[in-house]
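Asks: Residue numbers (our numbering), protein chains in the order written: chain X, 1 to 447; chain F, 448 to 763.
Misleading hints may appear alongside valid ones.
Unchecked claim - Here are the simulated EDC-like pairs of lysine to aspartate or glutamate, each with C-alpha atoms no more than 16 Å apart in a straight line: (1) K521(F) / D283(X); (2) K521(F) / E227(X); (3) K521(F) / E144(X); (4) K321(X) / D514(F).
Hints listed in this document are in silico derivations from the structure and should not be mistaken for laboratory results.
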Amino acid sequence: MKRFAALSALLLFYSFAHAQDAPAVVVKRDVSPANTEDARMKILEQQVRTLAGEVAILRSELAELRETKSPERSSGPQVLLASARPEPGMLSPSPQPAAAQVVQTQTFGGASGNAKLLNPDISLIGDFIGTAGRNNVSPSPSLEMHESEVGLQAIIDPYARADAFVSFGETGVNVEEAYVTFTSLPAGLLLKVGKKRADFGKVNTIHNHALPFIDRPLVTNNLVGGEDGIDDAGFFLSRFLPAPKNWFLEGSAEVLRGDSAEVFQASRRQDVSVVGHLRAYRDLTESTNLDFGLSYARGHNNNGSNFLTNLYSGDATLRWKPLRRAIYNSFLFRTELVWSARDQFSAALPSLLQTEHAFGMYSSAEYRVNRRWTVGGRFDRSGHATDARLTDSGVSGILTYWPSEFSQIRGQYRFGHLATTPTDFSNANEFLFQFLFVMGAHGAHPF
Amino acid sequence: MPRLLTKTRFITIAASVALVFALLDPLMGSADSKIRIMTATTDLASLAQEIGGDKVDVESVARGYQDPHFVDPKPSFLLKLSKAELLIVVGLELEIGWLPPLITQSSNPRIQVGAPGYFDASRFARILELPTGQVTRAEGDVHPLGNPHYWLDPDNALRIAKGIQNKISEMRPNDAAYFAERYDAFAQRLKQSDQQWQAQMKPYAGRKVVTYHRSWPNFAEHFGLNVVGYVEPRPGIPPSPQHTVELIGQMKRDAVKVIMVEPYFDLKTPNSIARDTGAVVVVLMPSVGGEKEITDYFKLFDYDIAKLKKALDETH
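Pulled out of the complex, with its shape left as it was, chain X reads as follows (with noise of 0.2 Å):
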């Protein structure tokens, strides 16, 4: 270890002292360009000789260590700089223009040493909506900076790292996420603790700027709080359980304070909720999968104490990604169910309590046409919360543009038939656009 070290910290000053040299060469370049050719190898040759000595005299440091810190392996890495002849073929002096950014040398183990330091991985996502055509029952704004999420993660110490997205929006600022994974516990245990979304069905946990729509289908609106839907803080313990051959189970048992957008409140402390998940997932080949998913929350609703709303969720997606294409083609079929019992005063006698038991599901498809463009197809389906007799369902069909992995480009057409009184219906007719990017550290794709 102590000789790594030392062998990194002699990598660090090399990689530096070349750093050095480096701009010098572009500087002279740049003060004649007349003579370039001639001028360049003299330079580069003058540079190489330069680099000789250095490594030269790095070696023998290196040497000296060596035989001081742990003379019995001298043998070992002495292969690892074999190849560390510092031999004017080297620096192979490119002709090709694309290369001038890029200077070939020697190094081992790149330069992650110095380009990161502490600093954790941050990023940045915009997220930029409009909306046109007609909307009487929930309209949006036409043309938004929906918003703006800063990702922030790092690994803390050897036994935790830590997630933090907070989410800067029309109304103001929100942490949607943060959170610290210990993951070194005993017995194949992982536990979150901080605010997340919790591991309720599918779309419960995928940020905005990660859904495969521009919206959320009705029934996160209708019977999971909405945009934010289930996400609070508290304790996240999740395990892989023993499965039969093939198939992957893994649970999840989470405790909340309780207080979720509008689909949990806690009056009391001791108005916690709790979210149960069960995961199953199978390869059928290795481009082909299924998972399914049941989900159970319990939580205290803005009635008070004594009322409680239960919800229910099954969920099942199949993947089909061809390995040897998969940058090109993929299709995505989801679809997932939600039940809601909720305590309440009844709508016809107000002094009455009841349980209002409400039913909501969408199905959606999404397929990669080619490495730019991405269609999917949604259809909704859900009831309200607090009256079950208010039925709204509705379509969309979306077009994706990827300039790049880093931003997305996309047109969404969403028709609603959204019940206004149990019998009454509003339709809606809107066309949305959005615009997705992403700064910085290039985060995990979710899956």
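Please build the complex by placing chain F on the supplied structure of chain X, with the hints as guidance.
Replies: Chain F alone, transformed into the frame defined by chain X:
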């Protein structure tokens, strides 16, 4: 009727759930004699197998014909990762889009970043294309830590193999002599093979080629090829008509006759460039397992060099 759920009941529920989880058959491996190794790519798996012999069980997450930048973090990998004692990664942010969540969710303390069972092969390899100026994504999906396709250089394979030998000897000191012996045999075989490969490629030294993605800098340097352009306008950006026209012009000027393409890219653009320039498109495998017959690191070079030689001969 609304029910009252007391605080104590919640605590009981939470505690019993935790207890049930804790009592379920723990996946922590017993002292199995074989070292369970997971690798990010098949090439690293092949190297680990060479050194570990029958004292290791090796499996790769990515397949050889898969683009290693884009791998789905499927839960089925989690089970394997949860039991692994050693995880060998390519590093340099090649796997940044899929490996971090797998490592975290594996809930395996042994393979977390920085743990003794986390082995970053790039720390042993010679890395090319280290950006020196400002790094921005105007250059596409650049790798700020250098080009991560470094394994296509037998010298790097040797260095990584040495690193693996040291690591697994640390883990199983009793087998250290066995691993040392296997490393020596591997090194000797690789040096011999490399001499043959070099000899085969010698007649083509300095030949100009175009590649689809920047996957081949170490390979090209090792075998004296001169990569003068790329089908992608920028790394990770699909071919554009304007860039394709420019590339065709450049290939005609420089008399470039070979286009090297990775197996996971579309051949439409390379084929149309080839038609316009009289060049040959050759699909080379960047990884072990890209084709059925490429079962190890040696066969990878045998395959690629045979195909490349044929293409270079055809267009001489």
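Asks: All hints, please: hold or fail.
Replies: Taking the hints in turn, this is what the structure says about them:
1. Pair hint K521(F) plus D283(X) holds up; C-alpha atoms about 9 Å apart against a cutoff of 16 Å.
2. Restraint check: the Cα-Cα separation between K521(F) and E227(X) comes to about 26 Å, which exceeds 16 Å; the hinted pair is violated.
3. Restraint check for K521(F) and E144(X): the C-alpha separation of about 35 Å exceeds 16 Å, so the hint is violated.
4. The suggested pairing of K321(X) with D514(F) holds, with an alpha-carbon distance near 12 Å, which does not exceed 16 Å.
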